[in-house]
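Enquirer: Protein sequences, first through last, are from chains A and B.
The number in this note's numbering is simply the position in the first sequence, starting from 1, with 1297 added.
The number in this note's numbering is simply the position in the second sequence, starting from 1, with 1297 added.
Hints should not be assumed to be uniformly reliable.
Residues on chain A that point at chain B, a partial pick, calculated with CB under 7 Å [stated by the list, open to error]:
no.: 1; residue: 1334
no.: 2; residue: 1372
no.: 3; residue: 1380
no.: 4; residue: 1630
Everything labelled a hint here was simulated from the structure, so no lab data went into it.
Glycine residues also receive a C-beta, built at the ideal position from the N, C-alpha and C atoms.
There are 2 protein chains.
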Amino acid sequence: MFFQTIHTDKNSHARTGIIHTAHGDIETPCFMPVGTQASVKTLDQQDLKNLDAQIILGNTYHLHLRPGEDLIAKLGGLHKFMNWDKPILTDSGGFQVFSLGLQKEKNKKGQPLVKIDDEGVTFKSHIDGSTHRFTPESAIEIQHKLGADIIMAFDECTPDKAKKEYVREAMERTHDWAEKSLKAHQKNKEKHKQYLFGIIQGADNRELREKSAQFICNLDFDGIAVGGESIGYNMIATKKILDWIYHYLPENKPRYAMGLGLNPADLFEVVERGIDMFDCVAPTRLARHGIIFVKNKKNKHRLNITNAKYIFDKNPIDKACSCSTCQYYSLAYLNHLFRAREISAMRLATIHNIHFFLNLMKEMREAIEKNKFLKFKKEWL
Amino acid sequence: MFFQTIHTDKNSHARTGIIHTAHGDIETPCFMPVGTQASVKTLDQQDLKNLDAQIILGNTYHLHLRPGEDLIAKLGGLHKFMNWDKPILTDSGGFQVFSLGLQKEKNKKGQPLVKIDDEGVTFKSHIDGSTHRFTPESAIEIQHKLGADIIMAFDECTPDKAKKEYVREAMERTHDWAEKSLKAHQKNKEKHKQYLFGIIQGADNRELREKSAQFICNLDFDGIAVGGESIGYNMIATKKILDWIYHYLPENKPRYAMGLGLNPADLFEVVERGIDMFDCVAPTRLARHGIIFVKNKKNKHRLNITNAKYIFDKNPIDKACSCSTCQYYSLAYLNHLFRAREISAMRLATIHNIHFFLNLMKEMREAIEKNKFLKFKKEWL
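Model the full assembly from the supplied sequences, consistent with the hints where possible.
Expert: Here's what the structure looks like:
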């Protein structure tokens, strides 16, 4: 069995479960740190083990461009390449391709950097400008070569501001690609102990989201993901979308909100709506800029470590925190390291932020199993 | 007893010893990793413990400018500030002040950035351009506040190309400052469990070097250092200088070659000449640029990890190396991390280089105690 639900909270859709993979189990709901280029920035895999990370992410777009899936396959797959023997999830590359296309729509000659057709997408590398093409089949093939435990169907991520007709067109393409991804995966399924997730799109349109949920949930995917520009970045839209699609989601498959985890508060909202997995670069990216997550009664969950008020502060970031940064270093020292632009500052802050997210998830799982999720949420927020 | 000699090699001046400090013992000869701004760049103090570093360096110039000795003193001294409970050595700030003065001799208005007089030196901060002044008395006072176990007399480091008359003048100033440093230290000695080293100068002039050695060795310092632009950067000059001064050095005091450790081969040369301690930023700085130290029969002790020949290399940097980087990661992975400009690459390379230097020193100590130092040197080089 790939996924096993353990307990559903009596007062909400929040639930605990276990995902079983060839590289070990993942207790859900879980937050997945992002290791874009086969590295969770500033950390090494021993750090991640010490942090008890259950699963990490890799980005197919980045790994395809550098060092390339063939190199990784030749070296025994992503787990061996980076020496991480616990579960890995790779995305399909779609999100990066489309968000790159949105950011810089045209090159100097006025040509679009990303060209979508019904079979796939052609795009230019952000590293050297070389031309690449992803199709549902190639995205699956790349992910087979990378060898992550959980892989994603190729999809088109449409901006929220797109017109409904375009969103519908993109959604239909995504559905077609979902079937093609599934077919490409099933052909080689026995060879690779990998589980494939489908992705629900439809931007912020109720009709399309419900249609997409119905379509994707009816296919033989191992798990169901919710994608889109808003997810995690616009929580009003995220909550609305999750509420629209909830009743289409099968009980027996894990559910993944893609790119969610900008704020600790957001985790509560999606767990409450029955989501089992999510990822976000925020805890690591913000850490590198000295933004630290803390539990705070006033619903302010971030502090800026470079703030002058910490210059003389002998205390750790959080006395109750068991991360190694809080165990060993004071706010004053971390403040100094950031002001002096010492590289080690970024790692120490990243360790705290990752621990903060992973620990919060652990506490949520405990609360769910005691049917106290909503109580815990209220206390926490 | 501060310093205890254990064994002198029968065939060279190489010797082993133990330095006793309030923060523990240091087995000599030893290499000291440099933690300029209260951080050995890319590492944290847990890394240094795992590496078995016996002692680290802090730079008075940098710590004075940021975060300032008063802040560090208020937070309990450098050991507590950075949470490192093993020995620390601070330099006097002289080297940085003078090397800054050499690098950028004048500001935009044509004014020198460093102004030396017989009482001390006035200089501008490289951070914000603010004016500061170091005197022998203030350099000692700052180092008392920082609280390192071993501190250095304030000296003037003259360039080798300086005219003999200037070198003599600077040397005499250094001697005067040595006496003043000693006096300032002795006044407060009981309060601070710190040991003060004097510094021999005299550039590459035999007469002046011998004169300086005689003068410094006759003062009541706890240890004797050899300073100068050449030390560690011009090994022909370094060997010559150490040979000139050897017979003036007292047996019962530790000897420190300042800034030495650019190449593993250099360590053998100075240990052979009876030196007990040295430091250099090279192993850490080079690591951040992907330059890795290895034992190699062809007398090439560096490899460039970004080299294309490592792209598919499943082996660690060195199969015989016991550092955590070699234990966990392949050349191919490290090559990828450097090419992808991942921050964690710098830390993993630094761990290997520091381990390489510390382990080489351990092997040298073992060889000395078996009277096999020269044999070990020959085999190694």
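Enquirer: Against each hint, give a clear statement of whether it holds in the structure.
Expert: For each hint, the structure was consulted:
no. : hint : result
1   : 1334 : holds (4 Å)
2   : 1372 : holds (6 Å)
3   : 1380 : holds (5 Å)
4   : 1630 : holds (6 Å)
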